[in-house]
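Q: Protein sequence lines, in the order shown, are assigned to chains A and B.
When the first sequence is numbered by this note's numbering, its final residue is 345 and no position is left out of the sequence of numbers.
When the second sequence is numbered by this note's numbering, its final residue is 345 and no position is left out of the sequence of numbers.
Hints may contain errors.
Stretch by stretch, here's where chain A covers chain B in the computed footprint (C-beta under 8 Å, at least three residues) [said to hold, decoys possible]:
1. 81 to 87
2. 108 to 116
3. 121 to 133
Covered by chain B, according to a simulated footprint, are these stretches of chain A (three or more residues, beta-carbon under 8 Å) [unchecked claim]:
4. 171 to 178
5. 212 to 220
6. 272 to 278
Once the Cα atoms are required to be at most 20 Å apart in a straight line, the calculated DMTMM-like pairs of lysine to aspartate or glutamate come out as [unchecked claim]:
7. B:125 / A:221
8. B:176 / A:341
9. B:125 / A:341
10. B:125 / A:332
11. B:125 / A:197
12. B:125 / A:246
13. B:125 / A:330
14. A:183 / B:72
15. B:268 / B:220
16. B:337 / B:217
17. A:183 / B:46
In short, the hints are calculated from the structure, not lab data.
Please read all numbers here as calculations on a predicted model, not as lab measurements.
Backbone N, C-alpha and C fix where the C-beta goes; we use that ideal spot for every residue, glycine too.
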Amino acid sequence: MLSPNPQAHSKLSERATADVERWLRMYRQMLRIRRFEEKVNELYMSARMPGLAHLYIGQEAVAVGVCEALRPDDYITSTHRGHGHCLAKGASMDQMFAELLGKAPGYNRGKGGSMHIADPDTGNLGANAIVAGAVGIATGAALSARMRGTDQVVVCFFGEGALGQGVLYEVMNMAALWKLPVIYVCENNLYTEYTPYQEVLAGEILDRPRAFGIPAEAVDGQDVREVYEVAAHLIQRARSGEGPAFLLCQTYRYYGHHVGDIDRSYYRSREEEEFWKVERDPIRLLGAWLLREGLIDEGALETIDREVRAEVEAALAFALSAPYPDPDEVIQHVYADEVEP
Amino acid sequence: MSTPMRWNPEASSADRVITMAQAIREALAEEMRRDPRVFIIGEDVAEAGTPFKVLKGLVEEFGPQRVIDAPISEAGFTGIAVGAAMTGMRPVVDIMFGDFLTLAMDQIVNQAAKVHYMSGGKWKVPMVIRATMGAGLRKAAQHSQSLHAWFAHIPGLKVAIPATPYDAKGLLKTAIRDNNPVLFFEHKAMYNLRGHVPVEEYTIPFGVADIKREGQDLTIVAVGRMVHVALEAAERLSELGLEVEVVDPRTLVPLDCETLVQSAKKTGRVIVVDEGYQRYGVTAEIAAVIAEGAFYYLDRPVIRIGALDVPIPFSPPLEDLTVPSVERVMEAAKTLCLRREP
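Given these sequences and hints, build the entire structure.
A: So this is what it looks like as structure tokens:
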């Protein structure tokens, strides 16, 4: 792994080693999402990927900061813009790429694709292509955790577009009534598909969960350390039986609504995009902070990037050479085995 | 419908007569005792026991943690049931009026039905959605529909519609043990229907039709309450010398095509009766199954009788015109079987 900057030894000793390891882990995770998705975009642009993909680039700190505060047996639900959540919760890139290419060794045998990656082994209840489609599932998993007597917590990721769906308020009402261990993580990336969110959203976002008595906090979604700290607090609170919470993360989507959304001039400016990429990039912000604090040197950050790029290349090579599902797969998995074995 | 029905093949000395509501309640209680993962969620399911009193007494035995009164949020609590089912529970959702299923359609069609397939078989959704159906109670257009065909159209869902207390209990127990989302439709005019139900434990497998009455001259395939319309018609037709076979599929998905086709081959004349809308409905599908499987054995084209394709009207004489009746079934039977008068 990485060796800390020797000149910074005295500073390092002031901080718990565990914290430094955590920041480096989060740095690597954000970079894994970034490089994975850059490759996804490349695949799509060169017509090597079927369908479409909704890129998470720019929002990495949200998935990584929140999932860093979760245990492996905790659950998440994700969205159409879900690659980041899946990777942050522990998904491997090779099965992700294979799924995106519709290949048999994909997480879901190629039957789900980019918008439906699901994996019980990492507690991923599934990415969902209906906006707010998974809010019921997340809340139900929280009810189940309580009924089964576990202290599992569920994180329900969604974009600010989901605030337009009534079912979100139905389940927040029940989560509040029954004090369920679920955290509603709203990623406000400023655009509801192709529309600035202010055009379609009345009032203040945080007033909505607060109307149900759900504690709600807003964080800078580009600052992974802040996301982590607030998420960890809310998750711990839910785990100890104090009920649901709402975490609003202010963030930004660098690319379009999906990979094919190239001309964005009618809803936002190039200058705005550049501002976020240069000034507010979550990976740069954490990297700069680590350097400034003397916790790591440039070389080490470059090493992480090299390792991540190698991981991406190997995973993609695996997926490209993997077979498609057999034709008889098409009728498999419509129904589960009738009764418990 | 006050006479107890005796057609269950497994009638035993320990047999007794109970209502459909009691049979459903027994199935739920037995499965909840057997399996701590089973719980009920819906509107007014606990102390109220639903407006139909089907669940009366369950909260007293199992407590409010397992008989959960939800707000009037069909989408919300159906979605919650999907998530609970995926993570180790076996919820039974109560939809007070089947018409309200429209509010939960995304949870049922886009979520519950697809989770297993989209995840490549990794997640399962073992849940039951109990919903009432049926017209005839003067409840007008938004409390009277029979929408079961919608769900039978969607891969990933199973659909059961019992016609007797015996079938209701056995099918519901199977539904709860099934590892897939099952829509279980109960006709609200049938809760007081009485029938023989054994004291001993039993289940009824899905996909096995039941021949409710045997006959040589004509087959009537009927679903849910229409089974009783068919039986009444069969009784009257026997007085005219026609021996009618009444076949009840019991589950629309999976559908016992084999039994339907065999009966059609035997009699050569078929009527299909269902309380759902006729247009693009259950009667259309079953008529097609029979046409495909028994075409060369049929003397006449299959006759379909579904609900009139109108929103259910409130006014009693109008409402009664929308539901298939004994008279309409008899008329169709005569068309198929009797020579025209010169």
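Q: Is the hinted pair residue 337 of chain B and residue 217 of chain B satisfied, with a Cα-Cα distance of at most 20 Å?
A: Satisfied, since the Cα-Cα distance of roughly 18 Å is no more than 20 Å.
Q: Verify this for me: three or more residues of the segment 121 to 133 of chain B with a beta carbon less than 8 Å from a beta carbon of chain A.
A: holds (count 9)
Q: Has the given pair, residue 183 of chain A with residue 72 of chain B, been kept, meaning a C-alpha gap of at most 20 Å?
A: holds (15 Å)
Q: Taking 20 Å as the top limit, are the C-alpha atoms of residue 176 of chain B and residue 341 of chain A close enough?
A: holds (16 Å)
Q: When you check the alpha-carbon spacing of residue 125 of chain B and residue 341 of chain A, does it fall within 20 Å?
A: With Cα atoms ~12 Å apart, residue 125 of chain B and residue 341 of chain A stay inside 20 Å; holds.
Q: How about the segment 108 to 116 of chain B: do at least three of its residues have a C-beta closer than 8 Å to a C-beta of chain A?
A: holds (count 4)
Q: Examine the segment 272 to 278 of chain A for residues whose CB is less than 8 Å from any CB of chain B, and state whether their number is three or more.
A: With 0 residues close enough to chain B, the hint is violated.
Q: Quick one, are residue 125 of chain B and residue 197 of chain A close enough, alpha carbons at most 20 Å?
A: violated (30 Å)
Q: Run the distance test for residue 125 of chain B versus residue 332 of chain A: straight-line Cα separation, threshold 20 Å.
A: holds (18 Å)
Q: Under a C-beta cut-off of less than 8 Å, do 3 or more residues of the segment 171 to 178 of chain A approach chain B closely enough to confirm the stated coverage?
A: The restraint on the segment 171 to 178 of chain A holds, since 5 of its residues have a Cβ under 8 Å from chain B and three suffice.
Q: Count the residues of the segment 81 to 87 of chain B whose CB lies closer than 8 Å to any CB of chain A, then report whether that count reaches three.
A: Held - the segment 81 to 87 of chain B has 7 residues with a Cβ nearer than 8 Å to chain A, which meets the minimum of three.
Q: Under the criterion that the straight-line Cα-Cα distance not exceed 20 Å, is the pair residue 268 of chain B, residue 220 of chain B satisfied?
A: holds (11 Å)
When the structure is compared with the earlier hints, violations turn up for hints 5, 6, 7, 11, 12 and for no others.
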